[in-house]
Amino acid sequence: MSFFLDNWMLFAIALASGGMLMFPALTSGGGAAGLTPTEVVQLINREKAAVVDVCGPDEFAAGHVTGAKNVPLPELEAKLGGVVKNKSLPLVLVCASGMRSKRAVSIAKKLGYENAHSLTGGMGAWRSANLPVEKA
Numbered sequence: 069m070s071f072f073l074d075n076w077m078l079f080a081i082a083l084a085s086g087g088m089l090m091f092p093a094l095t096s097g098g099g100a101a102g103l104t105p106t107e108v109v110q111l112i113n114r115e116k117a118a119v120v121d122v123c124g125p126d127e128f129a130a131g132h133v134t135g136a137k138n139v140p141l142p143e144l145e146a147k148l149g150g151v152v153k154n155k156s157l158p159l160v161l162v163c164a165s166g167m168r169s170k171r172a173v174s175i176a177k178k179l180g181y182e183n184a185h186s187l188t189g190g191m192g193a194w195r196s197a198n199l200p201v202e203k204a
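Taking this note's numbering, I'd label the letters of the sequence shown as residues 69 to 204.
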């Protein structure tokens with residue numbers, strides 16, 4: 069016990085550094101799995117992932133991932149089952165910045181899509197990676 073009392077500062081530093089290591093995991097949107105644009109392309113090519121854009125119709129028309137289906141976030145729970153019927157396929161959810169798609173991942177997982185992912189950085193990251201954008 070005296071060892072702990074004599075070295076309390078070392079334990080405080082260890083605890084603080086552990087907290088700093090855990091901070092990114094705790095603030096990443098409730099554990100929503102985020103993928104980089106390159107990882108999304110690999111998932112689409114290798115595993116035939118379905119891509120669903122959760123932006124509004126105007127944002128979707130301005131530019132979206134090639135082949136993506138549009139299901140706005142407020143309608144996702146009601147319409148996702150009709151758009152993506154195979155729940156075992158990977159599902160990539162996309163929005164403008166990646167924030168709405170993180171929420172969409174939790175909705176999709178609640179609906180049984182266990183292999184649902186969010187595009188980290190959204191369409192901004194997709195465009196920055198110079199990947200193809202389709203306009204409606």
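Each hint should be verified, as a subset may be incorrect.
[Claimed, not checked] Below, computed lysine to any residue pairings styled on SDA-like, alpha-carbon distance capped at 25 angstroms:
# : residue 1 : residue 2
1 : Lys137    : Met69
2 : Lys203    : Gln110
3 : Lys137    : Glu115
4 : Lys137    : Asn75
5 : Lys178    : Arg195
6 : Lys155    : Val119
7 : Lys153    : Arg171
Since the hints were derived computationally from the structure, they do not count as laboratory data.
**Q.** Hint consistency between Lys155 and Val119 [alpha-carbon to alpha-carbon, up to 25 angstroms]
**A.** holds, 13 angstroms
**Q.** Proposed proximity, Asn75 with Lys137 (alpha carbon, max 25 angstroms)
**A.** violated, 58 angstroms
Q.
Against the 25 angstroms threshold, does the CA-CA distance of Lys153 and Arg171 hold or violate the hint?
A. Holds: Lys153 and Arg171 sit about 20 angstroms apart, inside 25 angstroms.
Q. Hey, Lys203 versus Gln110, does the alpha-carbon distance stay inside 25 angstroms?
A. holds, 22 angstroms
(Q) Would the hint linking Lys178 and Arg195 be met if the CA-CA limit is 25 angstroms? (A) Not OK: Lys178 and Arg195 at ~30 angstroms, beyond 25 angstroms, violated.
Q | Restraint check for Lys137 with Met69, where alpha carbons must lie at most 25 angstroms apart | A | violated, 61 angstroms
Q) Given the proposed pairing of Lys137 with Glu115, does the C-alpha separation stay at or below 25 angstroms? A) Between Lys137 and Glu115 the Cα gap is close to 17 angstroms, so the pair holds against 25 angstroms.
This entry does not satisfy hints 1, 4, 5, going by the numbered hints stated previously.
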